[in-house]
Amino acid sequence: MSDRLEADSSTNPEAHLEEPTHLVAAAPPGASAMRMRAAVLAEFWHYFSQNRGAVAGLVVFLLLVLTALMAPVLAPHSPTQQFRDALLAPPVWVEGGSWKFILGSDPLGRDILSRLIYGARFSLFIGVVVVAIAVTGGILIGLAAGYFGGAVDVFAMRVMDIILAFPSLLLALVLVAVLGPGLGNAMIAIALVLQPHFARLTRAAVMSELRREYVVSARVVGASHLRLMFVTILPNCLAPLIVQGTLSFSTAILDAAALGFLGMGAQPPTPEWGTMLAEAREFILRAWWVVTFPGLAILVTVLAINLMGDGLRDALDPKLKRS
Amino acid sequence: MSLLEIENLRVTFDTSSGPFAALSGVSYRVDPGEVLAIVGESGSGKSVAMLAVMGLLPPSATVTADAMRFEGRDLLTMSAAERRKIIGRDISMIFQEPIASLNPCFTAGFQIEEVLARHTDLPRRARRQRAIELMQAVGIPEPKRRLASFPHQMSGGQCQRVMIAMAIACAPKLLIADEPTTALDVTIQKQILDLLMRLQADHGMGLILITHDMGVVAETADRVIVQYMGRKMEEADVLSLFENPQNAYTRALLSALPENATGTRLPTVADFRLAGEDA
Amino acid sequence: MLRFLIRRLGLIIPTFIGITLVAFAFVRVLPGDPVLLLAGERGMDPERYQKLLVQFGYDRPIYEQYLSYVWGLLHGDFGVSISTKRPVLDEFLTLFPATAELGLFAILFAVAIGIPAGILAAVRRGSLFDQAAMGVALTGYSMPIFWWGLLLIILFSGILGWTPVSGRISFLYFFPSVTGFMTIDALLSGQSGAFGSAVSHLVLPTIVLGTIPLAVIARQTRSAMLEVLAEDYVRTARAKGLAPSRVIGLHALRNALIPVITTIGLQVGVLIAGAILTETIFSWPGIGKWMVDSISRRDYPVVQGGLVLIAGLVMVVNLVVDILYGLINPRIRHR
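Chains as they are written, first to last, in my numbering: chain A, 19 to 341; chain B, -13 to 265; chain C, 2 to 336.
Among the hints, erroneous ones may be present.
Stated by the list, open to error - What follows is a list of derived Cβ distance ranges for each label pair:
(1) C/R125 <-> B/G11: 25 to 35 Å
(2) C/L129 <-> A/W111: 26 to 36 Å
(3) C/L129 <-> B/Q115: 44 to 54 Å
(4) A/A57 <-> C/I155: 48 to 58 Å
Hints are computed from structural coordinates only; laboratory data are not their basis. C-beta: ideal position from N, C-alpha, C; glycine also.
Sequences and hints are given; from them, build the entire structure.
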């Protein structure tokens, strides 16, 4: 599903050339650099905060993080405790509902609200881990391909093309089939599938940065390959990577939920939202609430992150800034 | 009767930092067959005025004027559909970037014939014939073959010739040329300018030439309007303007011409303004 | 144009080799002995084991095995299903029309709504319509479609009772498959009500599968139109005195469609990923459900063969889109 989530910026690496962050990197260390960094941040926030949707997304996202952190305090019940006397209890506002199960209970008598609250932990955890693996892998491959060029570049990019030739969810599904169903393997599979986007972006950014004066001068001064790659060039390629990272965060949550729904992700009784949907499927025509709320939780989370992503792109992309 | 009469034209743009006045009360008048040059640096509002006449300003622009009449008809009060019958037929315009001004997806022939289809009753074959004649008239070699060319297959000069062919397709009474030679090579500039002047003389069109080039003004215009920061600085016939400029800004513009240079360094308008403020 | 074609064709060969390598490696990296996997749950005596080992060529060096695998692929041998004993290619060809029909309707649905909505949003930039349309588009873009499908079933099948829950057509109708497209075959059969039944089965899956492409197309159309509307040639078109409908619908749209068509082409991968989920929810007998079922049945030859066929399909469609891009973009066509 990640095919649809390539940051628009990837098609135009040149758009990021004017990115103010390289001023920060090029400036001498010390107080003035600090001040400059603060100014860049302030400018960024100025553009970001003009986008009401992005701010709303950020607020929802922060609330979700808070929910995940405070899950044991917020949840009225344990996410796995089964109330045998209250199977498929309806939500509180429906006839027959009670305050004990605000959003109702599932076929095993577990409190849906509590499971959703704990589920936030899994979704955010999935997003963080997947993006961390994909970004690290993608940056290493992209840096190497863009910096060394030649055969390294051709080989790395061909491999990325091959990964991208498969529909992402299908490849992730097959990978999980090989590795064995489970949340850990699902995360590895999704990270592997998302990683080429980062590799391509990094490579494109590195290749356009390589020609710039500051890189040439750093090379003349005798900086090592590693220093050039990670200290001189990388910080200036960050803008598109941040945007892509945000988009991949939401893709990761969606794909992990899809794998869970297909029985290949997190396994019951884990309160992962996609897995909850899979367990609830056969009850859809009898108890709408067991299906509705987990999906709503996925939608709201993904939407919030995508809203943030749109805002980030507008704030970081100077080409859009001017128009 | 004047061909085009505009009184007290004001144009403001809504920007994120509040309204910006691009034109604050400027009047224009062009007679049939006359060549009027509007001169000024960028930001002087010289294009904005003519875009307002054509109705081509973006929605963020607010246009007001005491009068805006073409052949005595009020352009401000007529409906958009009425105005579109005049635009492209009786008043036409060519622009600064010829290659970008032609649609990359359509052939030169299609784009010329489209004007004819819009404003005349000519059948398809007659339109094609007329397009070939127009291409000949603007000096495009092998017009039949060029009809099938896309803009990216032609040079900037050729594209501008196609633009001119489109503009004169319906024998307009007024042609507005907005910096028509700025984006072209120096050798081509002269050819295009000669072409425009020849067509103007042959058809007896009114011509408004928007430019920042005083040299061009001296060669072409009957009358000159000098604009600066959305205001009219001076209006005069071309001889008296060059012989005896009344306004300080006009003098500054003229002294920035290379042939008028006296010292070792060419003065700029900014030098002059600074001196004026000191005094 | 010719050079562009040759270059593009040259690029797909290494990709295709890569795809076969991935599919080949897939069976090798599976935990356990490949022969035992093929034999299924039951054990087997050593003699038979040895026979199978030779039969499948597992006694030969690995590169020889790969070459003979690719040789087989090139001759249409994509393996044999363990559960049905039918050739994988036959099964694929039987099921593919169902997915193609669903995908085609989904993309038509997405284009028919997405492009007009995108144009209108761009022309009325900042209006209430623009904000609402883009809000809906971002929601669609963020939609977990497996949940969306379930919601639609609850509403339209459960509460309203308007649409059936699963399958391609009611069991009441039987007719031979001619085109493989149920809607067309139903019309050809001449049975009254058959076409209506086929369409009613198709509506919900089409909406579910079309949701994400719809959102992507609407957003892409809007941003392409906004870019194009600021171009000089649009000003020229208006300076000709053309009606706004012609300026927007011909001069601007013709240029804006170039990136939009590329986007539509790229939706094929998205559609197949979506088909896996959509077909599972609606029990739609297509290749998406086939792959999911084969994975859970551990029918590895099908998974392996399906992987190559699907990736090959996506690759070919992307190639066609690239060529189409060249055809609709005069700047590439005449170079």
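How the hints compare with the structure:
1. For C/R125 and B/G11, the hinted distance range of 25 to 35 Å is satisfied, since their beta carbons lie about 32 Å from each other.
2. Look at C/L129 against A/W111: about 31 Å separates their beta carbons, and that is inside 26 to 36 Å.
3. A hinted range of 44 to 54 Å holds for the C-beta pair C/L129 and B/Q115, which are about 49 Å apart.
4. Look at A/A57 against C/I155: about 52 Å separates their beta carbons, and that is inside 48 to 58 Å.
The structure meets every hint from the earlier list without exception.
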